[in-house]
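Asks: I would like the entire structure built from these sequences, with the hints used as guidance.
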Amino acid sequence: MDLPFISKLTSLEELYIRKSSINFFGQGQKSFLFELKHLHQLKVVDLSISCAAVFPKELFFDNLNDYKIVIGDIEVLLSGNFKMPNKYEPIRSLALQLETDNIHSLKGIKLLFKTVQNLLLGEINGVKNDIYKLNLDGFPDLKHLSITNNFSIEYLFKSMDSTPPVDVFPNLESLCLHKLWNIKMICSGPVPDASFTKLKVIKITMCAHLKNIISSYMVKFLSSLETIDVSDCDSIEEIIGIPKKSDKVEFPKLHSLTLQSLPLSFVSFYNLAEGSMVPPLFGELAFVFPKLEEIHLNEMSMLIDIWQVEMSANSFCSLISIHIEKCKKLDKIFPSHIEGWYESLENLKVLDCSLVEVIFEIKDSQQRDASGGIDTNLLSVLINKLPKLKQVWSIDPKGILNFKKLQSIDVFFCNMLRNVFSASVAKDVQKIEYMSVTSCDRMVEIVACEDGLEASNEPLMFPELTHIRLCHLKNMKHFFKGIRGIKCPKLNKLTIMELHKKLEIFHTKRSESTNEEIPVFSTPKKDSPTYGE
1 MDLPFISKLT SLEELYIRKS SINFFGQGQK SFLFELKHLH QLKVVDLSIS CAAVFPKELF
61 FDNLNDYKIV IGDIEVLLSG NFKMPNKYEP IRSLALQLET DNIHSLKGIK LLFKTVQNLL
121 LGEINGVKND IYKLNLDGFP DLKHLSITNN FSIEYLFKSM DSTPPVDVFP NLESLCLHKL
181 WNIKMICSGP VPDASFTKLK VIKITMCAHL KNIISSYMVK FLSSLETIDV SDCDSIEEII
241 GIPKKSDKVE FPKLHSLTLQ SLPLSFVSFY NLAEGSMVPP LFGELAFVFP KLEEIHLNEM
301 SMLIDIWQVE MSANSFCSLI SIHIEKCKKL DKIFPSHIEG WYESLENLKV LDCSLVEVIF
361 EIKDSQQRDA SGGIDTNLLS VLINKLPKLK QVWSIDPKGI LNFKKLQSID VFFCNMLRNV
421 FSASVAKDVQ KIEYMSVTSC DRMVEIVACE DGLEASNEPL MFPELTHIRL CHLKNMKHFF
481 KGIRGIKCPK LNKLTIMELH KKLEIFHTKR SESTNEEIPV FSTPKKDSPT YGE
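In this note's numbering, the protein residues as written are 1 to 533.
A portion of the hints provided could be inaccurate.
Keeping only pairs whose Cα atoms sit at most 27 Å apart, straight-line, the calculated DSS-like set for lysine-lysine is [stated by the list, open to error]: (1) 37 x 128; (2) 385 x 291; (3) 110 x 37; (4) 179 x 114; (5) 203 x 87.
Simulated DEER-style distance windows between Cβ atoms [said to hold, decoys possible]: (6) 189 x 151: 20 to 26 Å; (7) 114 x 14: 55 to 61 Å; (8) 265 x 31: 20 to 26 Å; (9) 129 x 87: 30 to 36 Å; (10) 83 x 464: 40 to 46 Å.
Hints listed in this document are in silico derivations from the structure and should not be mistaken for laboratory results.
Predicted model, so just to flag it, every value in this text is computed and none were measured.
Beta carbons are placed, not taken as given, at the ideal position from N, Cα and C, and that holds for glycine.
Replies: See below:
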């Protein structure tokens, strides 16, 4: 392509060459970029440049309506959560890596900071203390900020003045930090009142020196926050710095919380005074999460308890999904004092927690009033590698808690567990469709049988159950001990592998009262289930 030809396109308004890069121009990237300064009608630019050294100082893009500009090694820049938008997506985007050139000498690039909406920064030579200094107007249009593979940045904002500057990140919606090896705090010092007020998403990974995510100066501004995701931060001590004289912390829109692979120094959402007992995850203050739907906790080595003893009336009332994995000191998932708080829960996963003994701890029914049972929305349960688990339900709920919507349950490698369902829960789960129990060495029966249920003249019904999987249960003696057996009218698949050699799945036994033969496992004759060993 003839470079002078480019400069003659004086009416050109849109230029898209990011995907092909401008390395193909024989006379060099810098010469090509220099020619662009003649295109005064240019409103949209989409291009990729291998390094900032070829960017002409005389080239200014401050009048562009839209741009997607990558400067630096795109493979390094895209190692985090950042994704460059489609070229036709109307959002001003800049991805920038400057390992040698000083950013403050590149005025044409710095001008873009005032209008950029989607910004990715790698290593930026010339920036150490805080990102704020890149644009003293506070990045007024910025919506999405991602920083990755950076050794220099210590703060995003550090206030050294008694008089607050202009609003900082007033329109920022998402903040993603990945491999910022020397960052100490996101925000240090007071910030103006309109700062961070639209922030919805915080994702932090592999920031080795970061001790705090949300400083006490930021808490009051984060009423729009929807997602907190923190993982692999070796020095993290708390998520939130609690303002002095505060007795309540509220996140009215937070719907997703993920904490993974955090160090021994992290035990609670906020730091307590020295000498205090190890608190639950959410501490002892009143944390209010009326919209929180998802909690994901993984590799929280010092976590002993999750829930506060006393909770605000509208906290956790919207929980839909809980995933807990490799939390080595937890001994129960839902203690009795939060009974009823999880009635909105639909999906529960508990994996590889070596001390968990019970999933649902239930108060003795004699201590409960007669106001009726609590209906839960639980649809699926997965429990795996809980070597100390003795009970899913600490005692038979007997209608105090109802699990009428449960559709599937998977149990793996729970060697202390002797049964899956209590008697009342088994009668309650009329919508269950899938049931799987595998490699539970002490499993004796799937449904625990009380005297009253065992003597009942009615079979135990599972009207929607279509698939049962029972594998590697060397001590299992029966599915259910009741004299009338169980009835599964829709069962079409039965998977059986390596069970107790004396266990008989399809057989009859004689009723002591009527002397008639009764099937222990009843299915429709015309639709006999398929099964394998």
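Asks: Next step is simple, just say for each hint if it's right about the structure.
Replies: Hint check results:
no., hint, in the structure
1, 37 x 128, "31 Å, violated"
2, 385 x 291, "31 Å, violated"
3, 110 x 37, "17 Å, holds"
4, 179 x 114, "25 Å, holds"
5, 203 x 87, "25 Å, holds"
6, 189 x 151: 20 to 26 Å, "23 Å, holds"
7, 114 x 14: 55 to 61 Å, "22 Å, violated"
8, 265 x 31: 20 to 26 Å, "54 Å, violated"
9, 129 x 87: 30 to 36 Å, "35 Å, holds"
10, 83 x 464: 40 to 46 Å, "41 Å, holds"
Violated hints, listed in ascending order, are 1, 2, 7, 8; each of the other numbered hints is respected by the structure.
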